[in-house]
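**Student:** In this note's numbering, the protein residues as written are 1 to 142.
Bear in mind the hints are in silico, worked out from the structure with no lab data behind them. Any given hint could turn out to be false.
The calculated DSS-like cross-link candidates involving lysine-lysine, where the alpha carbons are at most 25 Å apart (straight line), are [unchecked claim]:
1. 54 <-> 79
2. 40 <-> 86
3. 25 <-> 86
4. 79 <-> 28
5. 102 <-> 28
6. 54 <-> 40
On a predicted model such as this, the values are computed, not experimentally measured, just so you know.
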Amino acid sequence: MNIDSIRTGIVLDHIPAGRGMEIYKYLKLGKLDCSVAIIKNAKSKKLGRKDIIKIDEDLDVDLDALAYIDPGITINVIKDGKLVEKRDLALPQRIVNILKCKNPRCITSVEPGLDQVFLLSNPEKRAYRCAYCEEEMSDSAL
């Protein structure tokens with residue numbers, strides 16, 4: 001299979017196989033007025049199989065959200081058809097408005113305009129705690 005290269009934009013690489021559509025939906029890439037290619041189950045020496053998303057537009061991507069979804073994702077920035085920057089991600093220490101607290105007694109339930117702030121509490125389990133009420137959320141909450 002041959003997928004065209006992009007002139008200017010970003011490539012999300014090393015997405016675990018099967019998670020590409022989840023990222024596509026979360027980043028609302030369907031609303032963009034540019035070419036977006038999703039490559040599913042590509043061969044990978046590192047992962048065995050992986051998904052890749054190519055976006056043919058210079059786009060600001062929420063790096064914290066991507067790192068929360070999977071810190072192994074790599075972001076490649078392309079300008080004039082050449083790789084100009086490669087960003088590796090790590091689990092963010094603090095995430096804002098990515099998760100919603102499920103605790104009905106949390107202040108965020110009563111004050112809907114308040115930012116949903118979570119702090120990394122256990123990197124091994126990829127667990128975060130609400131900054132307001134300490135409710136724990138796992139990585140499956142997205």
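**Student:** Indicate, hint by hint, whether the structure satisfies it.
**Tutor:** These are the hints, each one checked on the structure:
1. 54 <-> 79: Roughly 13 Å separates the two Cα atoms, so the pair holds.
2. 40 <-> 86: With Cα atoms ~21 Å apart, residue 40 and residue 86 stay inside 25 Å; holds.
3. 25 <-> 86: Roughly 23 Å between the alpha carbons, so the hint for residue 25 and residue 86 holds.
4. 79 <-> 28: holds, 22 Å
5. 102 <-> 28: holds, 23 Å
6. 54 <-> 40: Cα-Cα ~12 Å, so holds.
When held up to the earlier numbered hints, the structure conflicts with none and fits them all.
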